[in-house]
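Novice: In case you want the letters, here they are:
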Amino acid sequence: MLRTIIVDDDEIVTFLQKKIVSKCELDPDPISFKDAGEALRFLGQDSDPELSYLIMLDINMPNMSGWEFLEEIKNIPDNDRFHVVMVTSSIDRKDKRDAANDPHVIDFIEKPVSAKHCAKLKGISKLEKYFAES
Amino acid sequence: MNQDSSPNLTEAVVTYSYRSGVLFFSRQSNHVLSSFLKEELQIGKKLSALFEHNLSLKIEDCLALCKKGKFQSLSYKNKLSTLQFYFSPILENNASRIEKVSIVVELEAFNSESNLIIDKENFQYDENYDEQVYSNLFFNNPDAVFSFDLEGNFVNANKSSAKLAETSIAEVLKMHFLPFIPEEDHSKVLDRFDKAKQGFNQNYQTTFKSLKGTFKYLEINLFPIYHKDQIIGVYGIAKDITSQKLEEKRILEERQMLRAIIDNIPDYIFVKDREHKSILANRKFYEQILGKTSDESSLGYTPMDYFDREKGELIIADNEWVMNTGQSVINRPDTVHNVHGKQEKVLLTKVPLKNQNADIIGLVGVARDITETYLYNKKQELVFKVIKAFGDKPTLHEAMVKVLEIFCTELGYDYAEAFQVSVNNEKIVRTAFWPLEKDLSKSVTTYEKGEKLPGKVWQSGKLQVLRQDDENQLLKDMLLSDGEVIKSAVGFPIIFQDKLVAIFCLGSIKDSKKIEIELLEDITLQIASAIERKRSQEQLNDFFNYSPNLIAVIGMDGFVKKINPSFKEKFGYSECEILTKPFAEFIHADDLAKTFEAIEKVYIEGTDFEIRCKRKDGEFLWISWRFSRFLEKENIIFVYGTDITPLKKAHGELSENIAELKVVQKKLEESEMKYRSLFDASPLPMWVLDRVNLRFLKVNKAAIELYGYTEEEFSKMTVKDLWVPGQDDIINPIISENQNDFFQVKLSHYKKNGDLIHVNVNSNPVSFDGIGARVSLIKNVTDRIKAEEKLFQSEQRFKALVQEGSDLISIVDENLNFFYNSPATYSVFGLDPSQLRHKNFKDYIHEEDLIILEDYLSKLEYQKRVQLPSYRIRGSENNWRWMETIMTDLKDEPAIRGIVMNSRDITDFVKQEKELLESLTRYNIVSKATSDIITDYDIQKDEIRVSEATFKIFGYEKGNGKYSRNWWNSKIHPEDHDYVRAAAREMKENEVKNLTLEYRFQCANGSYKYILDRSYLMLDEKGKPTRIIGSMQDITERKQHLIAIENHNRRLKEIAWTQSHMVRAPLAKLMGLVDLLLNYKNDLENIDEILEIILTSANELDSVIRKIATQTE
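Chains as they are written, first to last, in our numbering: chain E, 1 to 134; chain A, 1 to 1113.
If you are wondering where the hints come from, they were derived from the structure by calculation, not from laboratory data.
Be aware that a few hints might be false.
From the derived model, a few chain A residues whose C-beta atoms are all more than 12 Å from chain E [to be verified]:
#1 Phe51
#2 Ser75
#3 Arg97
#4 Gln198
#5 Asp240
#6 His276
#7 Val339
#8 Glu381
#9 Asp591
#10 Thr642
#11 Met717
#12 Asp843
#13 Gln867
#14 Phe954
#15 Tyr1008
#16 Leu1012
Just the calculated beta-carbon pair ranges, DEER-fashion [what the hints assert, rightly or not]:
#17 A:Leu436 - E:Pro77: 57 to 65 Å
#18 A:Ile1045 - E:Pro77: 47 to 55 Å
#19 A:Lys1053 - E:Pro77: 41 to 49 Å
#20 A:Lys1053 - E:Lys116: 30 to 38 Å
#21 E:Pro77 - A:Arg1106: 44 to 52 Å
Built from N, CA and C at the ideal position, the CB exists for glycine as well.
Model the full structure from these sequences, guided by the hints.
Specialist: Following this line, the structure appears as structure tokens:
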């Protein structure tokens, strides 16, 4: 099973993304974190080892940026359960290039996250199996 | 009491034992009871058998009750009379049961008035008894007979009574009985009296005190006195039983004492009768064997009661033998088990017990407990065997194995191991085990602290016992090779002087193997010391065998008795060869005397002596010997030797060196002598100075002769006193710089007479009598100098003449009139030198130039040398020649006495220069116009000429407009320096024609300017690079503009990016929210909330845009 985690310091963004994610049936009740550190703790300590996680990750965040978060999850054992979608409001080609080189990043989305994006996510090869029935 | 003392004829008194029947009866008894008895009263008869049946039954009842301690009375009638029975139980000392009864029987005849009537006032006998008899009986009775009234006052008393009371009868009759009774018996006696008053006969014992205080024991019988059915008094008989009582007491005490004695004897003591029943046993016996708290021998125990059947029968048979044969058993070793199951070793003695008739009636046995002695002996035996093992076995290991074997065989173990703490103290290591074919620990032979039994013993330092069923299961898997399992084990430490020497572990296949803990613990010390001894012995052996030193025992008979292996190594002889020849044969002949002397003195002092000993190959080794012990009785000495041959060799070499050194020293001394005489005899003046203060220490004769001072005067002077003033600047630095070196100096000295002399001084540092000094050789060169001076003057002139010979040389006087001209002058002036003589130099100088030259010429007054700037002189053809002149004032020089002028005709050069200047001026004009810097680098001269603009742009002083390349390069910015230099080199070496460089160049004020340098390489006609012409453009301003623009651009980019991001964030939210509204309008619970968020985001966007607007203003 695939659970969705939304990491963004802006509450409106998490609200919005939660709505979209649930409406698009990616996850009926996605988990959201305002702080990348908290999300990291959750993945490291409280996540269900049986489950896979789709992480919608904002890049620009105080305390811990999306990039730092991406580095940190590499230290969690069994981290191939984590699939990251980088979500950002700005378009920077360098960011996109960096993201493409990271094994955890499966997509790079420009805000706002739309229904179309979500549908596209379901079609990504790594996630396909979780949505095969629908 | 078999004697009847009763005076009463109507009364029978019988003492009766339940066991033995009638014990005693009063004499009248048969008479009193005659009409009731079936047969005559006799000692030993049972009462019940005496009387007729009915009465017998009643008596039986009474006796039964009486046995329980109750007084009984019984009345019985027949046709003639009535019998009144009184049964009183007799309480005896030390008797737990009532054995006897005292019975008093009174006879009352119906038809007679025969009873004894007692009146209060007096006794009246209306009986028909003979008064005589009565009074005899009464008064002469050996017992005290008396009567009391009911109050207890004496009414009557016989002689014996008075005697007992030690007073007269009359006195007694005034008294009450109580004063005769010691207080402790008062209550008892009063009680008895009361009972008698109530009609009960009393028999008891009491203590008594006569009026004189004599103490007695009395047996008292009290009987009531009836008169007409009324008790009117009490009548009593007192028998003195003092001696009997005292005897009894003595016997009792004796018995108690004996009892105390035998009870306190630590041996078992028992007495048996012929039926093997116990008659007596001491406390050890009844406590240890019977398990009782008191001697109950009266119960008649036999050995069968307290030993098992088998043992019991054996003892009975043995006892039987003793009693039958009358022979004794003395100290026979035996084993008994006491009630606690403990086995004891005893020495048993049994002797037959005989009565007065020498009949054997039993036996007396004494068994001495020797368990401890036995154990002690066993222990001693064990220790002895262990020590013997250590003595017998050659190595410690073998001894240990033997000891383990002894432990196993002597103490009944099946397996044993011995351990030792490893050298590093980290483990214990098994050192031996037994039996050798049963190795339990094939894999593990070392243990850590606390590991298994050995480790536990090590850890605790105490004896440890293991059993198969212990919880720790340490005995698991302890299988002996034949399938047996070790079920019990003990480990104990062997400690010697607080040091753990070894650990022994013993194992047994019995699960309840008795482990003699005390024994084991007791013998560890002996084992420890034995091990330690063996170990040190072994170490000593090792020392003997492996010592590189020589150790030997030599006999006073001249033979070596024992050697260590080191001998063989050192000398190459076999042991046999050494022991069979007198040791003198091995010693160098020259050292023999020394050797024997040393041996003789051996017991006086034990110092080392060194002798040469012969090796088998004939070589001699130097050996240093030391005697250690002289054993007078055996006439042998222990000697220790060390090979000191290498030491000797080194010593020899050293001595040679020293000898050589001495020779050298001697030579040195000789040479010194030589030098000393050389110094004194030298024809050249010499002296020695203190190196620091330059005081004269010694002068030779030549010096004295030369300078005119006496030796004494010199000794008070320093060499400075000789110096002609003004030479300090020359000499002092030389002296201080060459403090410890040779130096040479030319000086002028004053002699004592004031003459100046020139000397060459050669000075060498020396050590003189331990002081740092200099020896100086003085060479008087005054004559030579004078000669040289003359020569110099002529030379000087010559030199002056030839100086700069190719040029014009003139000498003028102080007024500049020529008085000498070199021939070359002709070419300039067109006049012969002679024609020029006495002409004035100034007359030939161009007017314009003369003005300038006057200044220079005037300098000659104070300057020796003046270089005149270029000037013109009128030539032979009235043309003007350009000249350069150097004027040197040599007026003081005796050889010249004038001013020397060295001149050069530079007319052609000036012309050339002039042309060049003209072209440069033109060039300058151009360069000025361009405002660029024009540089002209002359490669050969390594000189850079620059245009005017340079000074303006960089701010340097104009000067002559020429700079060295180095200076120029030093102004290039350090960061650009390398690349500019590289480019310049490239240009020169590879002949690159054009070069354009951009670099920073330092201004006079230290700041840098950006320069665009375009250089052009010029070649000469042969194609060799000669000059580099460069044009430098100041592009600083342009460059700075460019940088500023670049920075600005970058910043703008950054702003644009950040702002677009800032703008996009709220915008993205807005887009997302709107998207949400559009697509899921019907599906959203709270549209209002979303709208509110949209507004928030819109406001956010608005504020961001406003912020950007202000920032970019």
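Novice: Confirm or reject each hint.
Specialist: Each hint tested on the structure:
Every Cβ of chain E is farther than 12 Å from the Cβ of phenylalanine 51 of chain A; the closest lies at roughly 115 Å, confirming the non-interface assignment. For serine 75 of chain A, the requirement that its beta carbon stay farther than 12 Å from each beta carbon of chain E is met, with the minimum near 114 Å. The claim that arginine 97 of chain A is not at the interface with chain E holds, since no C-beta of that chain comes within 12 Å of its own (minimum 94 Å). Distance to chain E confirms glutamine 198 of chain A as a non-interface residue, since its nearest Cβ pair spans about 108 Å, more than 12 Å.
Distance to chain E confirms aspartate 240 of chain A as a non-interface residue, since its nearest Cβ pair spans about 114 Å, more than 12 Å. For histidine 276 of chain A, the non-interface assignment is confirmed: its Cβ lies about 91 Å from the closest Cβ of chain E, beyond the 12 Å cut-off. Separation of valine 339 of chain A from chain E is adequate, the least Cβ-Cβ distance of about 73 Å exceeding the 12 Å criterion. Glutamate 381 of chain A, annotated as away from the interface, keeps every beta carbon of chain E farther than 12 Å; the closest lies near 73 Å.
No beta-carbon of chain E comes within 12 Å of the beta-carbon of aspartate 591 of chain A; the shortest separation is about 87 Å. Consistency note on threonine 642 of chain A: stated as away from chain E, and its beta-carbon is indeed over 12 Å from all of that chain's, at 72 Å minimum. Separation of methionine 717 of chain A from chain E is adequate, the least Cβ-Cβ distance of about 93 Å exceeding the 12 Å criterion. Every Cβ of chain E is farther than 12 Å from the Cβ of aspartate 843 of chain A; the closest lies at roughly 92 Å, confirming the non-interface assignment.
Against chain E, the non-interface label of glutamine 867 of chain A holds: every CB pair exceeds 12 Å, the least being about 74 Å. Every C-beta of chain E lies more than 12 Å from that of phenylalanine 954 of chain A, the closest at about 45 Å, which supports listing it as non-interface. Distance check on tyrosine 1008 of chain A: its Cβ is at least 36 Å (rounded) from any Cβ of chain E, clearing the 12 Å threshold; non-interface status holds. For leucine 1012 of chain A, the requirement that its beta carbon stay farther than 12 Å from each beta carbon of chain E is met, with the minimum near 36 Å.
In this structure, leucine 436 of chain A and proline 77 of chain E meet the distance hint of 57 to 65 Å, their C-beta atoms being roughly 58 Å apart. Range check, isoleucine 1045 of chain A to proline 77 of chain E: Cβ separation about 53 Å, and the 47 to 55 Å hint holds. Roughly 42 Å separates the CB atoms of lysine 1053 of chain A and proline 77 of chain E, a value that falls within the hinted 41 to 49 Å. A C-beta distance of roughly 31 Å is found between lysine 1053 of chain A and lysine 116 of chain E, which places it inside the suggested range of 30 to 38 Å.
Under the hint 44 to 52 Å, the C-beta atoms of proline 77 of chain E and arginine 1106 of chain A, about 49 Å apart, fit the expected range.
Checked against the numbered hints above, the structure breaks none of them.
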